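Trainee: Top to bottom, those sequences are chains A, B, C and D.
Start counting the first sequence at 1; every next residue gets the next number (my numbering).
Start counting the second sequence at 1; every next residue gets the next number (my numbering).
Start counting the third sequence at 1; every next residue gets the next number (my numbering).
Start counting the fourth sequence at 1; every next residue gets the next number (my numbering).
To be clear, the hints were calculated from the coordinates, so they are not data collected in a lab.
Heads up, a few of these hints could be off.
If several chains are the same, the list does not tell them apart, and a pair holds so long as it fits within one copy or across any two.
Taking lysine to any residue and the SDA-like style, the derived pairs with C-alpha atoms no more than 20 Å apart in a straight line are [unchecked claim]: (1) Lys-325 with Glu-178; (2) Lys-325 with Ser-260; (3) Lys-142 with Asn-177; (4) Lys-325 with Leu-258; (5) Lys-142 with Asp-87; (6) Lys-200 with Ser-52; (7) Lys-325 with Ser-306.
All figures in this text were calculated on a predicted structure; none of them were measured in a lab.
4 protein chains.
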Amino acid sequence: MKNTFGSQVTVTLFGESHGPYIGAVLDGISPGIPVDTDYIAAQLTLRRPSGSISTARQETDAFEIVSGVFEGHTTGTPLCILIPNHDTKSGDYDSLRNRPRPSHADYAAECKYHGAQDPRGGGHFSGRVTAALVAVGAICRKALEARGIQIGTHILSCHGIRDRAFHTLSEDIALLNESTFPTLSPEAGQQMRAEILTHKEQGDSVGGVLETAVIGMPAGVGEPWFDTLEGVLSHALFSIPAIKGVEFGDGFALADMLGSEAQDPFRMVDGSVITATNHNGGINGGISNGMPLLYRVAVKPTPTLSIPLDTVDLSTGENVTLAAKGRHDPAIIHRARVVVDAVSAIVLADQIAVHYGSDFLSQKA
Amino acid sequence: MKNTFGSQVTVTLFGESHGPYIGAVLDGISPGIPVDTDYIAAQLTLRRPSGSISTARQETDAFEIVSGVFEGHTTGTPLCILIPNHDTKSGDYDSLRNRPRPSHADYAAECKYHGAQDPRGGGHFSGRVTAALVAVGAICRKALEARGIQIGTHILSCHGIRDRAFHTLSEDIALLNESTFPTLSPEAGQQMRAEILTHKEQGDSVGGVLETAVIGMPAGVGEPWFDTLEGVLSHALFSIPAIKGVEFGDGFALADMLGSEAQDPFRMVDGSVITATNHNGGINGGISNGMPLLYRVAVKPTPTLSIPLDTVDLSTGENVTLAAKGRHDPAIIHRARVVVDAVSAIVLADQIAVHYGSDFLSQKA
Amino acid sequence: MKNTFGSQVTVTLFGESHGPYIGAVLDGISPGIPVDTDYIAAQLTLRRPSGSISTARQETDAFEIVSGVFEGHTTGTPLCILIPNHDTKSGDYDSLRNRPRPSHADYAAECKYHGAQDPRGGGHFSGRVTAALVAVGAICRKALEARGIQIGTHILSCHGIRDRAFHTLSEDIALLNESTFPTLSPEAGQQMRAEILTHKEQGDSVGGVLETAVIGMPAGVGEPWFDTLEGVLSHALFSIPAIKGVEFGDGFALADMLGSEAQDPFRMVDGSVITATNHNGGINGGISNGMPLLYRVAVKPTPTLSIPLDTVDLSTGENVTLAAKGRHDPAIIHRARVVVDAVSAIVLADQIAVHYGSDFLSQKA
Amino acid sequence: MKNTFGSQVTVTLFGESHGPYIGAVLDGISPGIPVDTDYIAAQLTLRRPSGSISTARQETDAFEIVSGVFEGHTTGTPLCILIPNHDTKSGDYDSLRNRPRPSHADYAAECKYHGAQDPRGGGHFSGRVTAALVAVGAICRKALEARGIQIGTHILSCHGIRDRAFHTLSEDIALLNESTFPTLSPEAGQQMRAEILTHKEQGDSVGGVLETAVIGMPAGVGEPWFDTLEGVLSHALFSIPAIKGVEFGDGFALADMLGSEAQDPFRMVDGSVITATNHNGGINGGISNGMPLLYRVAVKPTPTLSIPLDTVDLSTGENVTLAAKGRHDPAIIHRARVVVDAVSAIVLADQIAVHYGSDFLSQKA
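Work out the full structure: start from the sequences and follow the hints.
Mentor: This is the structure in structure tokens:
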């Protein structure tokens with residue numbers, strides 16, 4: 001299936017960094033969901049480069065929905081969103097064609113596509129394609145919210161600087177969804193931005209960890225094998241360029257805990273079963289248990305640097321160095337946040353459709 | 001697709017802990033691959049409980065291949081392996097039916113299946129089902145080896161005790177594949193076993209981190225979006241019970257590194273392009289780059305303890321405590337190793353079939 | 001996906017004619033559906049060879065459900081059914097190994113599997129594998145009936161002898177489901193049996209057309225493109241060996257009709273929208289319109305004959321003749337009926353799960 | 001998967017009759033295939049309304065490939081084609097919103113989408129969407145031709161007027177691919193056109209049968225169960241609006257033949273295995289046997305007539321009559337031809353990629 005993902009609610013991605021459009025087709029979405037183009041635009045704004053801590057490439061992301069919406073609502077048929085590319089400077093990349101950028105997809109793409117790939121700006125591998133994910137994810141996210149399911153992501157850490165932990169999830173999620181630089185602690189946010197700028201000045205870059213919480217997820221969604229909630233979420237999340245790790249609940253920290261420390265005891269509270277702790281991130285046996293979903297993704301530092309780097313010239317077979325001249329990001333962690341939210345929304349909308357049927361998200365709660 | 005996974009080489013799992021059989025159907029495997037039943041048996045032995053550091057449940061895993069093999073070779077049609085369950089003591093679990101074990105799938109399964117699930121021994125959620133994964137994975141693994149692709153996994157850490165890092169991968173993989181308790185350092189292995197026994201005596205349990213290396217993987221396999229190598233591997237790996245995190249290359253450690261530190265410079269060595277370091281774990285842009293694949297999974301401590309734990313009685317709505325009386329494992333990390341190997345082999349065989357076609361693995365290298 | 005079919009309710013087939021078992025895994029079926037083993041046995045009996053008009057091979061089809069059923073109901077996890085093969089006489093087929101039977105799969109299988117396929121009794125291509133389809137289809141069919149959806153199939157024609165048309169569908173379906181030789185007209189049935197015997201005596205065989213009606217199918221199920229109801233039904237139906245044509249409603253007869261003759265006018269009757277005729281077989285635009293589904297499949301005459309046939313010897317490259325010595329059927333049309341019913345039930349259960357969610361079929365109507 | 005089809009080479013369709021664009025995403029196609037935009041344009045021309053025997057709606061089909069092509073070749077990443085809609089007259093359809101057209105998708109769509117569907121010009125159900133299939137199918141078809149696989153389709157019959165049978169396939173296919181009204185006999189073609197005009201004048205419409213031949217298809221492609229060549233071809237072909245039957249080889253005619261008449265004897269000719277006849281249409285056991293593929297589809301007469309037809313008013317619940325005022329086709333059989341060719345090309349490209357891997361179609365033959 002390659003560039004299509006999902007069982008019932010599916011997304012197909014297309015487009016290259018310097019082509020006329022990037023876009024996505026969202027299929028299997030419930031008919032009758034309101035499509036709020038302002039909300040989509042706002043989500044795209046969160047993904048766009050922002051001031052000094054981002055690339056200088058400026059795209060207005062003037063998206064167009066060309067199918068699947070009628071009179072402001074989803075029709076239930078495939079919804080295609082196009083986002084034009086305007087501010088492309090392909091000249092910057094010409095010299096790189098035979099000189100793959102270290103830690104980028106260039107060389108792996110050459111091996112896979114035998115030179116037929118579009119090399120301009122990373123082509124189909126460009127992070128720009130995530131704009132299409134954000135656009136269709138925004139539609140799913142709004143629909144989930146109408147059913148009481150909310151998603152929020154913060155920068156848990158950025159090059160060692162750490163945000164505070166989640167406290168009250170509903171308030172924290174609301175706070176994050178109004179932030180352009182998503183930290184729960186304003187001080188941590190300022191330190192992170194300063195850190196990014198420091199390394200930008202040196203031609204370097206930084207990464208970090210994003211932490212996501214989902215509240216309102218009904219219990220009983222997911223599968224015991226293969227299509228576990230962890231499995232389908234991680235499958236999709238690893239599509240986001242630069243993500244190299246995904247963990248649920250306490251994740252890798254569980255490896256150092258005793259079984260007695262890692263327990264999530266069940267308690268009956270006001271007639272509902274809850275767990276007193278949430279070391280498992282709301283998922284047991286691959287299936288939601290009704291507690292908030294909690295997961296984290298590791299974002300590697302952006303590989304494009306203006307520092308000269310060692311590479312090879314594929315045409316001559318010689319070792320060479322190259323320093324990026326194109327516009328690039330000293331950090332993408334703050335931009336990747338809304339992509340994680342969008343991918344989460346798409347996957348959860350799909351899982352809910354698998355369990356509750358194709359009309360659930362447009363039915364009144 | 002639920003309990004079926006893969007694009008070209010697919011696995012379908014079935015069976016419950018206390019049913020007559022667990023099993024798997026492997027479909028899409030190349031015709032003409034030798035099926036080495038001794039090797040399958042040996043892999044199953046590595047997964048089976050082993051002495052004092054495991055559950056007392058003893059299964060001989062006398063598997064039977066009931067289809068898809070003729071005259072000792074795969075036919076190319078679906079290969080079904082059955083593994084009978086013998087040593088089942090369902091009486092142990094009767095009292096637990098309404099009392100979900102904390103951090104187990106019991107409660108999530110109740111929410112999903114509305115009471116229709118088989119509760120005996122965890123039913124379909126039981127780790128016992130992984131025996132079927134190991135059996136079919138062994139067939140894929142042998143076929144990959146015949147094409148020069150080798151997989152090895154060690155216990156990188158167990159409740160804080162750390163194994164040495166990989167040095168020479170081909171030698172380390174050979175060493176691991178002859179070990180029943182897979183550490184690269186014999187001393188670390190002894191300390192881990194002692195640690196497991198210490199916590200077993202207290203009715204507690206431990207987890208750890210498994211690290212996998214794959215050598216010989218051709219460059220150019222994987223997809224840019226969704227079916228990235230990281231995505232498909234993690235999707236399958238999260239099916240293994242107790243796994244709560246997956247990371248590739250330096251994974252979460254990348255979050256604290258600078259771009260200049262995380263680079264994998266390309267170098268030309270003996271006419272081949274290699275990377276001088278492997279922070280990205282052999283994958284760029286979702287696609288193999290020809291370097292060894294490196295990834296780690298976090299294994300949580302086994303949740304079944306003889307220490308009394310807080311839970312609820314779903315029939316009365318009361319808070320209660322329960323202490324496991326069934327046989328259980330103080331650690332599964334050493335047993336999970338061969339499951340990680342098997343799942344890796346299945347996923348890589350699938351990805352190779354996607355790229356090179358359905359006959360590749362039985363062709364002469 | 002090869003030997004697995006379906007979106008939400010999936011079937012995976014395995015097994016060879018002369019292996020220890022053939023079987024199927026049914027996944028994604030609603031939890032809590034009653035499993036009536038007598039009904040499954042009765043459906044298998046309808047598929048089994050019956051007296052003088054069938055092969056002499058006798059199988060008791062003593063199936064065993066090895067997973068996915070607990071206390072008489074589906075658990076919602078994968079349900080595996082095994083059917084042992086007993087009455088195998090592989091010796092009959094030894095001489096055929098290099099001499100592919102005309103109009104059989106032997107030669108195409110040789111091209112695909114390069115000689116690795118199991119040649120005994122047709123191996124995985126054997127019609128015997130349809131027993132597994134019948135067994136899991138019976139579970140789906142019972143569940144559909146509990147929701148008011150009924151399926152019935154008759155032999156519309158057999159070597160030119162024609163059954164009467166459907167009249168009152170509910171009565172006709174009831175009648176068919178109690179018949180071992182499914183015709184609506186007893187006289188037509190007798191003539192067909194006589195015709196089969198006549199050609200059997202000459203070492204020859206006959207085919208025919210099966211016509212299926214489904215009542216109670218809710219309107220609004222199916223998709224506009226690709227996963228049209230016609231598309232998914234035909235995809236699955238063409239798996240049944242010997243089926244070479246599928247048509248819906250008036251099918252090929254529509255090619256000779258005028259638009260004004262082929263209309264299905266909508267009428268309001270007792271507050272419901274119905275169509276006055278049903279030339280479209282209950283499907284418009286790929287989606288059910290609430291009228292009965294009507295479709296027909298063409299079953300070719302069984303290719304195994306005792307008349308000598310021209311073929312080639314693949315080992316010598318010579319033209320040769322061969323006459324079947326194994327046991328074979330002079331007609332399978334009456335046996336194929338219950339396979340068509342079963343496949344229909346599986347596909348419709350899947351489509352309903354896609355639309356109404358994974359629990360629908362076990363909910364009270 | 002709904003509006004996406006295929007295993008390795010996949011197509012995703014989107015768009016509505018009166019939206020800004022219809023389009024398709026072709027994914028998984030080999031990198032490096034030449035993309036001949038003139039050929040695509042020519043194929044689209046064959047699908048477009050042509051003179052007096054078609055609708056008056058005129059579209060230029062000025063398609064744009066917005067991704068997946070670089071320097072005139074496929075990149076191997078998703079290829080999106082957009083085709084703008086210009087000549088839309090939505091006013092014509094306003095009165096029909098509550099009055100479903102008999103034998104159209106209108107009412108079934110209402111049941112599925114609960115009124116959220118785009119009703120203008122049939123919305124996503126419009127035959128106009130097949131332009132996108134033709135465009136991406138043209139790319140597959142050219143790639144197949146470069147590997148020696150050729151597809152040709154003729155109008156076997158139109159309202160009872162019959163074309164001659166295929167004689168020499170390579171010559172016949174060449175002839176058809178240069179014809180705008182695809183018959184092998186020019187006289188039959190003239191009679192068919194006259195027949196269409198006759199019924200057009202009466203406000204009526206006609207259908208017919210299309211017959212397709214594929215030469216050069218390698219033996220050994222397809223699967224024994226579910227993904228049989230017949231199954232996957234029919235699944236896709238039934239997506240084409242108005243198709244109500246699909247048959248392979250002699251299809252429904254086999255039902256009246258004896259086994260001895262329906263045999264395809266194998267013969268050794270010039271060192272190759274061939275069959276002396278081709279009653280099975282080049283497919284045995286779901287797998288290609290190296291002979292030409294032969295299949296036919298039944299195309300129902302177009303349901304939109306200017307003759308008044310009985311329907312219901314969904315808003316009032318009353319029986320009403322309606323006569324189409326929009327532009328419509330008295331026959332689509334000649335236009336459907338190139339859609340059948342395109343769908344065939346997509347499916348065969350997919351099956352070949354499954355068997356031979358993702359790069360096969362761009363490798364030199």
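Trainee: Indicate, hint by hint, whether the structure satisfies it.
Mentor: Verification of the hints:
1. For a Cα distance limit of 20 Å, the shortest separation of Lys-325 from Glu-178 qualifies neither inside one copy, at 34 Å, nor across copies, at 50 Å.
2. Proximity of Lys-325 and Ser-260 under a CA criterion of 20 Å is satisfied inter-copy only: 16 Å between copies versus 54 Å inside one chain copy.
3. Taking the shortest alpha-carbon separations for Lys-142 and Asn-177, only the intra-copy value of 12 Å comes in at or below 20 Å, while the best inter-copy value is 49 Å.
4. For the identical chains of this complex, Lys-325 and Leu-258 are inter-copy neighbours only, at 19 Å across copies versus 50 Å inside a copy, given an alpha-carbon limit of 20 Å.
5. Taking the shortest Cα distances, Lys-142 and Asp-87 never come within 20 Å of each other, neither inside one copy (29 Å) nor across copies (34 Å).
6. In this assembly of identical chains, Lys-200 and Ser-52 lie within 20 Å of each other by CA distance solely inside one copy; the values are 9 Å within and 55 Å between copies.
7. When the C-alpha separation of Lys-325 and Ser-306 is checked against a cutoff of 20 Å, the pair qualifies only within one copy, where the shortest distance is 7 Å, while the shortest distance between copies is 62 Å.
The earlier numbered hints that this structure contradicts are 1 and 5.
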